[in-house]
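**Q** Below are the chains, spelled out letter by letter.
There are 2 protein chains.
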Amino acid sequence: MSKYSIKDIAAMAGVSIATVSRVINNKGKYSEETKEKVLKIINQTGYKVDGSAQSLKTNITFTIGILVPDIKNFFFADLVQKIEKELFDKNYSTIICNTDSDEEKEKSYLRMLENKKVDGIIVISGAKQGFRFESSLKNIPYICIDRKPADFNKTIFISSNHELGAQDAANYLLDHDVQRPAMVIRKHSPILNGRINGFRNSLEEHNIVFDRKENIFCFNGITSLTKYLSTYPETDGFFAIDDRLAIELIMALKQIGKKVPDDIQVIGFDNIPADEIISPTLTTIAQNTDKIAHYTIENILKVIKTPNESGDQILIPTTLVKRNSTF
Amino acid sequence: MSKYSIKDIAAMAGVSIATVSRVINNKGKYSEETKEKVLKIINQTGYKVDGSAQSLKTNITFTIGILVPDIKNFFFADLVQKIEKELFDKNYSTIICNTDSDEEKEKSYLRMLENKKVDGIIVISGAKQGFRFESSLKNIPYICIDRKPADFNKTIFISSNHELGAQDAANYLLDHDVQRPAMVIRKHSPILNGRINGFRNSLEEHNIVFDRKENIFCFNGITSLTKYLSTYPETDGFFAIDDRLAIELIMALKQIGKKVPDDIQVIGFDNIPADEIISPTLTTIAQNTDKIAHYTIENILKVIKTPNESGDQILIPTTLVKRNSTF
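As you go down the protein sequences, you meet chains A and C in turn.
So that you can map any letter, position 86 of the first sequence is 86 in this note's numbering, and since no number is skipped, the others follow by simple counting.
So that you can map any letter, position 94 of the second sequence is 94 in this note's numbering, and since no number is skipped, the others follow by simple counting.
Because the hints were derived from the structure by calculation, they are not lab data.
Computed from a predicted model, the values in this text were never measured in an experiment.
Don't be surprised by glycine CBs; every beta carbon is placed ideally from N, CA and C.
One or more of the hints may lead you astray.
Below, computed lysine to any residue pairings styled on SDA-like, alpha-carbon distance capped at 20 Å [claimed, not checked]:
no.: 1; chain 1: C; residue 1: Lys107; chain 2: A; residue 2: Ala10
no.: 2; chain 1: C; residue 1: Lys85; chain 2: A; residue 2: Asn43
no.: 3; chain 1: C; residue 1: Lys72; chain 2: A; residue 2: Asn43
no.: 4; chain 1: C; residue 1: Lys107; chain 2: A; residue 2: Tyr4
no.: 5; chain 1: A; residue 1: Lys72; chain 2: C; residue 2: Tyr47
no.: 6; chain 1: C; residue 1: Lys105; chain 2: A; residue 2: Leu39
no.: 7; chain 1: A; residue 1: Lys117; chain 2: C; residue 2: Tyr47
no.: 8; chain 1: A; residue 1: Lys105; chain 2: C; residue 2: Thr61
no.: 9; chain 1: C; residue 1: Lys72; chain 2: A; residue 2: Tyr4
no.: 10; chain 1: A; residue 1: Lys254; chain 2: C; residue 2: Arg323
no.: 11; chain 1: A; residue 1: Lys105; chain 2: C; residue 2: Leu39
no.: 12; chain 1: C; residue 1: Lys107; chain 2: A; residue 2: Lys72
no.: 13; chain 1: A; residue 1: Lys107; chain 2: C; residue 2: Ala10
Each pair of labels, with its calculated beta carbon distance range [as the list claims (entries may be wrong)]:
no.: 14; chain 1: A; residue 1: Gln129; chain 2: C; residue 2: Pro317; range: 42 to 50 Å
no.: 15; chain 1: C; residue 1: Pro317; chain 2: A; residue 2: Asp175; range: 50 to 58 Å
no.: 16; chain 1: C; residue 1: Glu103; chain 2: A; residue 2: Gly311; range: 53 to 61 Å
no.: 17; chain 1: A; residue 1: Glu298; chain 2: C; residue 2: Asp175; range: 54 to 62 Å
no.: 18; chain 1: A; residue 1: Asp175; chain 2: C; residue 2: Gln255; range: 51 to 59 Å
Chain C side only, calculated, beta carbon under 8 Å to chain A, not exhaustive [stated by the list, open to error]:
no.: 19; residue: Asp78
no.: 20; residue: Glu84
no.: 21; residue: Cys218
Only chain A is shown next, with the shape it has when bound in the complex:
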């Protein structure tokens, strides 16, 4: 396939022919960075090294796959973009696959990534609770972000601390005059038990009896909102499971003549740009995507170099961002 010469490789890598030769023959001095760059280009171009270069590790492709459920969701797009940027700086190309939270699609893309010989896979919010990569080759390292892996003891898992974040959100409401809070979810919310547990913990700490049916409101448009508020008219605080839902909720509350925060305070989760566009601006729990991206890269590169069997769990703290939808 290749028509590249060692001169082409040197030009593409921006190094001398002698350097390429040193890397190929694993002799003499060159930096780790130079080595990765040269190997990457050799791999991409399909340049055939001669027999003397048997020591060259040719099974590295310097490509990493990312499965992501929905690139239209700002949190995911932001995270994926940060991961891609940092990986690119480290000479890795990123293959992004949009899975629609569909298990069949996820499987199909995993097969595709396997077939394209990626060095590792980052699974963001896998479709199944308890993600398992049924690799037919069983040798592609992967890590899970935001949704727990099935083989919990063997796979690295990185996520925001959803439980503590939700607890902070509910604590904030209860410490700012809210007497009767409800958590708001969607009809088809992905199961986020961490956030629900955090909400419950906060209520219990404040000596409020948590009743799933009463304290969790499944928002499904204006009608569901008026119905919920006529059943529980004393409701004065909503914790929405994510900011997109919180914004829909504020717009619906405005439509039925409820004032935010005067009648009902609202807090969300994620910290998306629309939070500053809505009026009133939305108080929320921010996920630290910089840090999630950073740990993701550190760990995927680690498991690529040394298969990891330790099942580390890394939970990243969230922070509360105060805006005008709460007191």
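Position chain C against the provided structure of chain A, taking the given hints into account.
**A** Just chain C, lined up with the frame of chain A:
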């Protein structure tokens, strides 16, 4: 590499072993859909067909690459997701590459896609004005979306009709009491001459002399806005080059005490979800992403089957969406 049997292939494709055999040997009856499914799985698994199946086209990988400048931009994310969904239904996997509008990154991802043997490449808004794919193999078909290709006579180009859309936007302002309109761009706006031309055409049709320095305002925060409005205090209508900018502008106008639309009308371009969150809601020119996605798929599959040298240009009409930021 492969440890798959014909039985595995049949199971994965959800067809009988006999059907797989018929496809492999190109004998007997099966639908085009079944054939594609079986070939795809054979390709993905690396299943080795025996000598009798020489007629099998094994160079098809059923993967298509997409270069996209910024998946955090809603218009791009929406378009990519629609393309991905329709391609998946047609048994193609999509490799999404985020290029940051960076030429070097674009080149690197093109090399990667070439190396991963995709069947075709969809280039959305290439970094260079006049995109050219310097393929070393020169045999991967590609089409350009939204940014014109360099070899205009040979490459299919699909885009919204930015010029007519912008003209509609300006016409709307001028037909609704605006006397002194300005177009608003960013300091580092990607060059969108089509939209600027459309704005200019509208002004000239309304017998307003277009002066680039006077009628194009480069928005760069509150200070630039107050400065522009003190230089041209009679300004009563803004056409922002995209909705994200229009929203920033509305927020800045509110901060300096200007009423939208009473003092100044604002119209945007793109039709993103935030348009309905901002107060007042944003009148805009909607791009028809369904149709752009549909034409994109139709044409990439066409050029994969039969290399096209005709350089078709497909311009998709936009539509005006009236909301509350204009009269």
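**Q** State for each hint whether it applies.
**A** Now for the hints, and whether the structure bears them out:
1. C/Lys107 <-> A/Ala10: 16 Å, holds
2. C/Lys85 <-> A/Asn43: At roughly 31 Å apart (the allowed maximum being 20 Å), A/Asn43 and C/Lys85 break the hint.
3. C/Lys72 <-> A/Asn43: 30 Å, violated
4. C/Lys107 <-> A/Tyr4: 17 Å, holds
5. A/Lys72 <-> C/Tyr47: Violated: A/Lys72 and C/Tyr47 sit about 35 Å apart, past 20 Å.
6. C/Lys105 <-> A/Leu39: With Cα atoms ~17 Å apart, C/Lys105 and A/Leu39 stay inside 20 Å; holds.
7. A/Lys117 <-> C/Tyr47: 15 Å, holds
8. A/Lys105 <-> C/Thr61: 17 Å, holds
9. C/Lys72 <-> A/Tyr4: 36 Å, violated
10. A/Lys254 <-> C/Arg323: Holds, at about 18 Å.
11. A/Lys105 <-> C/Leu39: 17 Å, holds
12. C/Lys107 <-> A/Lys72: 25 Å, violated
13. A/Lys107 <-> C/Ala10: Satisfied, since the Cα-Cα distance of roughly 16 Å is no more than 20 Å.
14. A/Gln129 <-> C/Pro317: 42 to 50 Å: For C/Pro317 against A/Gln129, whose Cβ atoms are near 44 Å apart, the range 42 to 50 Å holds.
15. C/Pro317 <-> A/Asp175: 50 to 58 Å: 54 Å, holds
16. C/Glu103 <-> A/Gly311: 53 to 61 Å: 41 Å, violated
17. A/Glu298 <-> C/Asp175: 54 to 62 Å: 57 Å, holds
18. A/Asp175 <-> C/Gln255: 51 to 59 Å: 31 Å, violated
19. Asp78: 6 Å, holds
20. Glu84: Holds - the Cβ of C/Glu84 comes within 8 Å of chain A, reaching about 5 Å at its closest.
21. Cys218: 22 Å, violated
Violated hints for the displayed structure, listed by number in ascending order: 2, 3, 5, 9, 12, 16, 18 and 21.
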